[in-house]
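Protein sequence lines, in the order shown, are assigned to chains Z and H. Going left to right, the first sequence walks through residues 1 to 320 as the numbering used here numbers them. Going left to right, the second sequence walks through residues 1 to 546 as the numbering used here numbers them.
Please keep in mind that the hints were generated in silico from the structure rather than gathered at the bench. It is possible that part of the hints are untrue.
Stretches of chain Z that chain H covers, calculated by requiring three or more beta carbons in the stretch to come under 8 angstroms of a beta carbon on chain H [as the list claims (entries may be wrong)]:
| # | segment |
| --- | --- |
| 1 | 67 to 73 |
| 2 | 78 to 88 |
| 3 | 91 to 98 |
| 4 | 102 to 113 |
| 5 | 152 to 161 |
What follows is a set of in silico ranges between Cβ atoms, one per label pair, in the way DEER data are often shown [claimed, not checked]:
| # | chain 1 | residue 1 | chain 2 | residue 2 | range |
| --- | --- | --- | --- | --- | --- |
| 6 | Z | Arg166 | H | Glu269 | 45 to 51 angstroms |
| 7 | H | Arg248 | Z | Arg135 | 58 to 64 angstroms |
| 8 | Z | Ser134 | H | Tyr417 | 53 to 59 angstroms |
| 9 | Z | Tyr11 | H | Leu536 | 40 to 46 angstroms |
| 10 | Z | Ser161 | H | Leu178 | 51 to 57 angstroms |
Per the computed footprint, the stretches of chain H lying under chain Z, defined by three or more beta-carbons under 8 angstroms from a beta-carbon of chain Z, are [unchecked claim]:
| # | segment |
| --- | --- |
| 11 | 69 to 81 |
| 12 | 372 to 380 |
Only a predicted model underlies this, so the values are computations on that prediction, with no experimental measurement involved. All C-beta atoms, glycine included, are put in the ideal place defined by N, C-alpha and C.
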Amino acid sequence: MIVTEALTKSYGDVLALDDLSLDIGEGEIFGYIGPTGAGKSTTIRILSGLLRPTSGSARVADVDVVRHPQEAKRVVGYMPDIFGVYHGMRVWEYLDFFGAAYRMPRAVRRARIDEVLHITGTDEMRDYFVDSLSRGMQQRVGIARALIHDPKVLFLDEPTSGLDPRARIEMRQLLKHLKELGKTVLVSSHILPELASVCDRIGILEQSRLLLCDRMEAVLRQVELRRLIEIEVLDDPAGAGAALAAQFPAPKLVVTETVGRMLRLSFAGEDAEIAGLLAFLIQQGIGVLWYREVPMDLEHIYMKITTQAKAGKRRSDDAE
Amino acid sequence: MLSNPVLLREVKSALRSPLALALAALYLGVLATLVWWMWPQEGIYSATARASRSLLLVCGVAQLLLVILYAPAFAATAITAEKERNTYDLLFATLLRPRDIVAGKLFSSIVVLLLFVLLSLPVFAACFFLGAVSVREAAAIYMVTAASSVMFGLLGLSVSSVARNSHLALVVTYLLLLLFTAGPWVPWFLLEQQPWAAKFIHEARAFSPLGAMASVILPAFEPSGAWRTYLIFCGAASVVMVAFIIGRVHWAGPRDARRHGATIQDPAELAQRRMSFPFYLVDPQRRKGCIPDWLNPMFAKELRSRAFGGGRWIFRLAAACFGLSMLLMIGVVGNLVGPTPNLIRSVALVFQLGLIVLIVPSLTAGAITQERERGNLELLRMSRLGPLSFLTGKLGVALLFVMFLLLGTLPGWFAIYYLEINTMPEILDAWAVIGATILFALTAGLFSSALAPRTPVATALAYAITFLAAIVTLLPLLTADQLSVRLREMILVLNPFASALQVLTRGVFDDLGILWQRHAVMSLGVSALFLIIAFLRLRWLLLPQK
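Please model the complete structure; the sequences and the hints are all you need to start from.
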């Protein structure tokens with residue numbers, strides 16, 4: 001649904017986007033992660049047809065956005081990170097205006113306004129003035145506006161920026177709902193934990209380059225992150241730790257911490273081997289109160305990947 | 001005071017901006033051009049030479065007009081711009097006391113304007129070589145100009161302290177400036193023929209900067225004490241405005257929370273509202289329909305978000321125009337001021353054109369810049385709204401506003417037609433000029449909005465263009481003896497007041513050729529040029545950027 005090939009954008013000597021190649025499938029929620037200035041907004045603006053790339057190609061829903069930006073507007077819904085609202089307009093009037101600006105017939109528009117208000121959970125705010133809404137509600141109305149012409153693809157640039165925790169949770173739920181509706185969504189953020197729970201795949205952008213693009217599990221394997229295991233034993237945690245260390249010598253297994261009856265382990269192994277750890281403990285007659293793998297969060301992945309990238313860059317700079 | 005951080009920042013940022021440099025260059029350019037143009041060929045040194053006094057009059061008035069034009073640009077947005085940038089509250093969160101903030105804003109607004117006044121000293125020094133002015137007169141001229149700078153700067157700041165946004169602050173400040181500058185001349189215009197009103201006329205004119213300037217340069221026209229009265233008035237008004245600004249800044253409560261608003265559903269309540277003015281015309285709270293397919297979405301949006309959504313001010317303004325024109329006409333027709341048809345026509349024309357010059361540029365000056373500033377242009381670029389729809393929508397709503405205002409002035413035109421039945425062709429010719437002026441002012445606003453980076457700059461530019469065409473081109477009236485008839489005609493043909501007055505009144509500009517046709521053609525030509533430039537610029541803005 002979204003395909004870019006060697007997409008590059010430079011402003012004079014400043015390289016904003018470097019050789020980006022993406023392939024996002026239909027119905028996917030793609031998390032686009034990177035620090036401020038990495039090139040996320042530049043990518044989104046190119047894909048929305050608002051910015052011309054320096055080189056490369058970009059297609060959205062089989063439309064070449066570089067050659068046919070007007071056509072791209074029919075299939076793309078775009079919500080920028082900062083957008084304005086009109087004073088003195090009610091929510092439904094605001095949506096009606098943009099629907100009319102997309103040349104939607106009036107009869108279709110009327111029903112569609114009700115629909116997008118319902119999708120975004122803003123039915124009750126229909127008659128409220130848009131400029132009187134809180135930021136979280138304005139973000140929802142912004143998504144409703146991006147949906148008004150029923151695009152196949154949505155580009156949401158930092159949709160949770162400035163929102164309180166509850167609003168962020170609601171935004172994540174909305175993203176999942178959009179996926180259920182069959183929309184392809186590219187959502188950018190620099191707040192990593194939010195994307196981890198909703199995205200099918202993530203792409204990590206650092207200093208205008210795409211470092212990684214894959215599913216979460218594959219990303220985990222790719223970065224060779226060790227898995228963290230927590231075990232609470234009935235008694236003798238030290239003995240349990242020693243037994244584990246003897247059976248699975250370092251670097252396979254490393255006991256990183258012992259707190260009371262709880263052991264924290266760093267383990268490099270697949271799912272079957274993790275199950276084998278528990279089986280071993282039971283075989284040894286060690287009573288286990290609970291056993292769990294601590295989910296690796298996106299922040300760790302991000303830090304690991306970007307650190308590796310920087311180290312790699314330093315090595316290549318030194319070699320030159 | 002010199003260490004006041006607000007003062008230092010404001011003065012630095014004002015003087016560093018390219019706009020300040022451009023304004024200073026324009027200011028000095030205009031004054032220097034006037035001096036060069038009017039320099040007597042014979043170069044006679046004489047304190048009584050008419051050429052010298054004419055030069056002094058023109059320079060003094062030009063300097064005063066430029067200061068009046070510049071005051072809003074620097075002062076009227078001083079507080080509103082802070083609020084729009086969300087830095088106003090940050091100031092109060094610092095250790096600065098409220099009085100430091102107020103003092104910084106006050107003095108920075110005045111200092112920049114006074115700097116401009118001082119810049120003109122070398123130009124005025126040239127007048128000394130002609131023997132045109134004594135030291136005493138020069139000092140009086142500068143005191144009047146400086147006092148006007150201070151007072152109008154404070155006026156702009158006062159408006160800024162209450163206005164919701166910079167655009168509104170600019171427009172209201174320009175309107176009030178006109179009131180202060182031209183308002184005291186209205187009694188002279190209306191009651192000149194009445195002997196009993198002579199004293200009142202002189203006293204009223206003393207409160208105008210133009211009257212004060214005239215009393216220094218033309219003591220035969222204006223009593224010589226008028227400029228002292230004006231300085232006292234400036235001082236008193238300035239004190240009142242300073243107190244007002246301090247009060248507003250110190251004790252302004254939290255901003256009114258925008259009402260959520262609800263649509264009225266109850267039929268009985270709807271029926272009741274429908275009986276009251278103006279809701280039987282349009283009632284935002286009963287609006288239910290989507291934008292029709294045949295209607296320009298931008299036009300509809302502008303009506304809903306500004307005009308009729310906040311329709312009170314347009315109706316009030318139209319009602320005020322109606323009331324004022326009725327009063328004027330009753331006063332004139334009812335023999336209160338003299339039954340001359342010429343006077344009636346002149347009053348109607350000046351009122352009509354003055355309204356257009358003062359209000360119309362602001363209707364379109366924010367057309368494009370406001371969309372950019374509020375972050376809506378990006379969203380509009382994603383839609384299928386083209387530059388033509390955009391411009392015609394904005395222009396359409398502005399024209400609708402203007403129609404409402406013109407409706408308010410109709411009583412005057414009925415009176416003109418009633419007094420002299422056979423004046424219909426002349427009335428239509430005058431309306432051609434009025435129509436051309438309306439288009440000129442509207443397109444000047446669009447042009448400015450397309451090129452300027454921000455709305456206050458666009459508004460100031462739109463007013464500068466309109467004032468240049470409507471007011472500055474009247475300067476030849478002050479130099480009647482200096483200019484050839486041909487040159488006077490070439491300049492006055494650009495002026496809508498001159499063209500319209502010539503066609504509708506008798507004995508006005510009779511020595512010149514027919515002005516109105518050439519004026520209308522030139523005005524429409526320039527309007528078309530403005531529109532084309534605005535269209536091309538907007539089209540560029542809506543295209544994918546490189």
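Cross-check of the supplied hints:
Counting residues of the segment 67 to 73 of chain Z whose beta carbon lies closer than 8 angstroms to any beta carbon of chain H gives 3, which meets the minimum of three for the stated coverage. With a cut-off of 8 angstroms between beta carbons, the segment 78 to 88 of chain Z has 9 residues touching chain H; three or more are needed, and the interface restraint holds. Under a criterion of three residues with beta carbons nearer than 8 angstroms to beta carbons of chain H, the stated coverage of the segment 91 to 98 of chain Z is upheld, 4 such residues being counted. Here's how the segment 102 to 113 of chain Z fares: 7 of its residues keep a CB closer than 8 angstroms to some CB of chain H, so the rule of at least three is met and the hint holds.
Look at the segment 152 to 161 of chain Z against chain H: 0 of its residues bring a Cβ nearer than 8 angstroms to a Cβ of that chain, fewer than three, so the hint is violated. Remark: the range hint 45 to 51 angstroms for Arg166 (chain Z) to Glu269 (chain H) is contradicted by a beta-carbon distance near 36 angstroms. At roughly 28 angstroms, the beta carbons of Arg248 (chain H) and Arg135 (chain Z) sit outside the given window of 58 to 64 angstroms. The hinted range of 53 to 59 angstroms is satisfied by Ser134 (chain Z) and Tyr417 (chain H), whose Cβ atoms lie roughly 57 angstroms apart.
For the pair Tyr11 (chain Z) and Leu536 (chain H), the supplied restraint of 40 to 46 angstroms is violated, since their beta-carbon distance comes to about 24 angstroms. Against the hinted window of 51 to 57 angstroms, the Cβ-Cβ separation of Ser161 (chain Z) and Leu178 (chain H) comes to about 45 angstroms, which falls outside the hint. Three residues within the 8 angstroms Cβ limit are the bar, and the segment 69 to 81 of chain H against chain Z gives 0, so the coverage statement is violated. Proximity of the segment 372 to 380 of chain H to chain Z, defined as three or more residues with a beta carbon under 8 angstroms from a beta carbon of that chain, is established by the 7 residues found.
Consistency note: the structure conflicts with the earlier hints numbered 5, 6, 7, 9, 10, 11.
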